[in-house]
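S.K.: With these hints in hand, go ahead and build the complete structure from the sequences.
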Amino acid sequence: MSTTRRELLSQISKLLIVTPAAAAYLDRLSGAETGPASKYLMADHYWAMAIDIEKCIGCGNCVRGCAAENGVPRGYFRTWVERYEVGAWPESEHPEVDSPDGGFEGFPEKSRPGAKSFFVPKLCNHCAHSPCVQVCPVGATFETPDGLVLVDQTYCLGCRYCVQACPYGCRYILPDKQVVDKCTLCYHRISKGLTTACCEVCPTGARKLADLKDPKDPIHEFLRTNSVQVLKPHMATGAKVYYKSLDQSVR
Amino acid sequence: MKESGHLIRLAILFAAGLAVFLLIRQALVPPGFGKYGHFRAGALDDVRAHPIRFAGRAACEMCHEDKLKELKSGKHAGVGCEACHGAQAVHADDPMKSKPVLPDTTSLCPRCHAANSAKPKWFPQVVVRDHAGTEPCKSCHQPHNPKIG
Numbered sequence: 000m001s002t003t004r005r006e007l008l009s010q011i012s013k014l015l016i017v018t019p020a021a022a023a024y025l026d027r028l029s030g031a032e033t034g035p036a037s038k039y040l041m042a043d044h045y046w047a048m049a050i051d052i053e054k055c056i057g058c059g060n061c062v063r064g065c066a067a068e069n070g071v072p073r074g075y076f077r078t079w080v081e082r083y084e085v086g087a088w089p090e091s092e093h094p095e096v097d098s099p100d101g102g103f104e105g106f107p108e109k110s111r112p113g114a115k116s117f118f119v120p121k122l123c124n125h126c127a128h129s130p131c132v133q134v135c136p137v138g139a140t141f142e143t144p145d146g147l148v149l150v151d152q153t154y155c156l157g158c159r160y161c162v163q164a165c166p167y168g169c170r171y172i173l174p175d176k177q178v179v180d181k182c183t184l185c186y187h188r189i190s191k192g193l194t195t196a197c198c199e200v201c202p203t204g205a206r207k208l209a210d211l212k213d214p215k216d217p218i219h220e221f222l223r224t225n226s227v228q229v230l231k232p233h234m235a236t237g238a239k240v241y242y243k244s245l246d247q248s249v250r
Numbered sequence: 000m001k002e003s004g005h006l007i008r009l010a011i012l013f014a015a016g017l018a019v020f021l022l023i024r025q026a027l028v029p030p031g032f033g034k035y036g037h038f039r040a041g042a043l044d045d046v047r048a049h050p051i052r053f054a055g056r057a058a059c060e061m062c063h064e065d066k067l068k069e070l071k072s073g074k075h076a077g078v079g080c081e082a083c084h085g086a087q088a089v090h091a092d093d094p095m096k097s098k099p100v101l102p103d104t105t106s107l108c109p110r111c112h113a114a115n116s117a118k119p120k121w122f123p124q125v126v127v128r129d130h131a132g133t134e135p136c137k138s139c140h141q142p143h144n145p146k147i148g
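Protein chains in written order, with numbering that gives the first Met the number 0: chain H, 0 to 250; chain C, 0 to 148.
Derived from the structure by calculation, the hints contain no laboratory data.
Backbone N, C-alpha and C define an ideal beta-carbon position, used for all residues, glycine too.
The reader is advised that the hints may include incorrect statements.
As the list claims (entries may be wrong) - A partial selection of chain H residues facing chain C, derived with a Cβ cut-off under 10 Å:
hint	residue
1	R63
2	R82
3	V132
4	V134
5	D151
6	Q152
7	K212
8	D216
9	T224
10	V227
Said to hold, decoys possible - Calculated lysine-lysine pairs in the PhoX-like style (CA-CA distance at most 25 Å, straight line):
hint	chain 1	residue 1	chain 2	residue 2
11	H	K207	C	K68
12	C	K68	H	K212
13	H	K54	C	K146
14	C	K120	H	K54
15	H	K215	C	K34
16	C	K74	H	K243
M.R.: Below is the structure:
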């Protein structure tokens, strides 16, 4: 079987026509396309957060900053701080955890002799394989191409499945709208080149917003040079809040 | 011919059903659904449209160079401006519109520096009552460069 030059050229020209169309389609799928108003490209980012337990002083700045930035109603938290008190063995099996008002006003001194105590800031882990997304019956919560777990509040039924499914307790129902709400990792800020509100106001730099797709981001050094753990790794949620110096008692 | 009539009627019914399904689907599925995944693409813009309250340290530094110099020379170099001064995006947009209120150091500094056994040992902390009584912190320490003297 032989191909004439004419046939070959016509095949190649057909391919040339199809290639950009296919590329545009793939770009669309991967989120490389963007709205006309924004210079932000979803395909260039993959967001995460690094938290250094040894730097957290439990001041509650992140909790207040988050509430102010996002209009979180009092008594509800997108981020909060827990205090762990781990006693000597055998009490160490049952660490005492408290979080008065989510740490909004800091922590009153409470000392147990012989106990090890420290603060653990918590927020949505923006899991790569989120249990909360999997249970949503209407597709109102989803993972974005840039690694966030967000909620479409115009779609949410308020059925609370996701509130129960989240192993980290990061979701709540807005008392007025009766739809679910959660940390957006300050998407409105990070998509404009700012850091999150909690990182902006953290006085010791215990929290650092991280972009895993940015090769210059200090997160890579952080992950390479430290012992880093995520919360509940056995649940295989693909959590992306990386804790340095996390004690094994933390759940 | 008579037999094929049944088939044609069935085909018309099926086509009509399909058309109704497609029409309903068109009406119910919002535009942009499925663009990036099983969600409405416009939801991303909804989240991004939230107003900014904290202007960010870079915005403060554009005008307050003097304070930045003071801050950079001391222990508080890494502390963001709005960590103490609060959310100032309105002030950053139009400095005339809103003036930041000077924080009261008596209540502000202890948020971080009040002694607490759960705080890391490296962090400077004092029992405020023993250390200063009711005296405001700034009568001895400059908040932007907190060393004594």
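S.K.: Indicate, hint by hint, whether the structure satisfies it.
M.R.: Outcome of the hint check:
Taking 10 Å as the C-beta contact cut-off toward chain C, the hint placing R63(H) at the interface holds, the least distance being around 9 Å. Interface hint status for R82(H): upheld, as the beta-carbon distance to the closest one in chain C is roughly 5 Å, under 10 Å. Taking 10 Å as the C-beta contact cut-off toward chain C, the hint placing V132(H) at the interface holds, the least distance being around 9 Å. About 13 Å separates the beta-carbon of V134(H) from the nearest beta-carbon of chain C, more than 10 Å, and the hint is not met.
Checking D151(H) against chain C by beta carbon gives a least distance of about 4 Å; that is within 10 Å, so the hint holds. With a cut of 10 Å, the hint placing Q152(H) at the interface with chain C holds, because the nearest CB-to-CB distance is about 7 Å. The criterion of a C-beta within 10 Å of any C-beta in chain C is not met by K212(H), whose closest approach is roughly 16 Å, and the hint is violated. For the restraint placing D216(H) at the interface with chain C, the shortest Cβ-Cβ distance is roughly 17 Å, beyond the 10 Å limit, so the hint is violated.
With 10 Å as the threshold, the beta carbon of T224(H) stays out of range of chain C, its nearest partner Cβ sitting at about 19 Å, so the hint is violated. Interface hint status for V227(H): violated, as the beta-carbon distance to the closest one in chain C is roughly 18 Å, over 10 Å. Taking the CA atoms of K207(H) and K68(C), the gap is about 24 Å. The hint holds against a cut of 25 Å. Distance restraint check for K68(C) and K212(H): the Cα-Cα separation of roughly 33 Å exceeds the 25 Å cut-off, and the hinted pair is therefore not satisfied.
Restraint check: the Cα-Cα separation between K54(H) and K146(C) comes to about 21 Å, which is no more than 25 Å; the hinted pair holds. Of the supplied pair hints, the one linking K120(C) and K54(H) holds, its CA atoms being roughly 10 Å apart against a limit of 25 Å. For the proposed pair K215(H) and K34(C), the alpha carbon gap of about 30 Å is over 25 Å, so the pair is violated. For the given pair, K74(C) sits about 23 Å from K243(H) by alpha-carbon distance, which is consistent with the 25 Å threshold.
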